[in-house]
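Colleague: All chains, full assembly: derive it from the sequences and hints.
2 protein chains.
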Amino acid sequence: MSSKGKGTRAERELIHMFHDTKTWIALRAAGSGSTPLPCPDLLAGNNIRKLAIECKSIKARKKYFDKVEIKELIEFSTIFGAEPWLAVRYDNEGWYFVTPEDLEETKKGNPSLSLHVAMKKGLRFPELIGIFKQQKLD
Amino acid sequence: MSSKGKGTRAERELIHMFHDTKTWIALRAAGSGSTPLPCPDLLAGNNIRKLAIECKSIKARKKYFDKVEIKELIEFSTIFGAEPWLAVRYDNEGWYFVTPEDLEETKKGNPSLSLHVAMKKGLRFPELIGIFKQQKLD
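So the sequences go chain by chain: A and B. The first sequence begins at 2 in the numbering used here and counts up by one. The second sequence begins at 2 in the numbering used here and counts up by one.
Hints were generated in silico from the structure; no laboratory data involved. None of the values given here were measured: they were computed from a predicted structure. Some clues are possibly wrong.
Copies of the same chain are indistinguishable here, so a pair counts whether it falls within one copy or spans any two.
Listed below are the simulated DSS-like cross-link pairs for lysine-lysine, each with C-alpha atoms no more than 25 Å apart in a straight line [stated by the list, open to error]: (1) 108 x 5; (2) 122 x 63; (3) 109 x 23; (4) 23 x 51; (5) 51 x 72.
Modeller: Structure, rendered in structure tokens:
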């Protein structure tokens with residue numbers, strides 16, 4: 002499956018996860034990554050919170066992000082009034098949700114997220130949507 | 002130009018109108034009208050308000066809506082925590098914004114909006130986003 006196809010499939014999976022809660026709903030943005038205006042992959046919301054989400058589905062243990070992508074996610078979220086989130090689906094490990102501040106920087110200054118950091122700092126889906134808050138051990 | 006192409010062009014025009022305000026931002030939903038889950042054409046937001054918008058661009062003086070489309074717009078808006086709006090762009094007249102309550106019903110029970118009613122009850126873009134409220138004469 003193409004990388005784009007895998008990404009779209011992951012986005013749809015996440016939309017259904019929000020939909021299944023009955024109290025959240027989400028949509029995929031058209032042309033995310035190809036429009037000249039900042040635009041996240043997904044927007045999810047309930048009556049209280051709005052989440053702007055960049056989605057990634059990867060096989061590797063480490064995900065590298067594009068600096069501009071993160072900058073635009075924050076820009077969009079600030080204007081729209083949403084929380085900026087990165088959703089990374091690691092093969093066989095499932096979804097982890099982190100904020101832009103959770104990302105590490107490579108020596109060249111590119112944002113990255115290892116599975117190790119995702120497991121340490123990231124939230125699982127029920128935590129993200131506030132069903133419960135898991136105790137994190139430092 | 003196809004009806005779909007005209008619709009997409011109108012949606013893009015509206016997104017740029019929001020973007021030009023600098024205090025609002027909007028995005029187009031992917032596959033609106035073709036996904037099994039309720040989903041508006043556009044979502045716009047600023048720090049305070051969120052608008053779920055169904056867009057239409059028409060040549061005729063009267064627009065007929067699909068009952069299910071209106072029902073799903075309201076359903077999405079209720080869960081997401083957004084205001085439901087219908088944006089109709091009449092050729093040579095520009096955009097009018099109305100709420101589902103502003104729609105009339107045909108004898109067969111289908112929602113419709115005439116240019117006359119749009120002009121009477123609808124808002125223009127600056128009013129929609131709260132730049133000013135025009136005095137309406139009954």
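Colleague: If a hint holds in the structure, say so; if it doesn't, say that too.
Modeller: Against the structure, the hints come out as follows:
1. 108 x 5: Intra 28 Å, inter 47 Å, cutoff 25 Å: neither.
2. 122 x 63: Cα proximity of residue 122 and residue 63: one copy only (14 Å, versus 54 Å across).
3. 109 x 23: So residue 109 and residue 23 fail the 25 Å test inside a copy (43 Å) and across (32 Å) alike.
4. 23 x 51: both (15 Å within a copy, 19 Å between copies)
5. 51 x 72: This pair counts as both: shortest intra-copy Cα distance 18 Å, inter-copy 22 Å.
Checked against the numbered hints above, the structure violates hints 1, 3; every other hint is satisfied.
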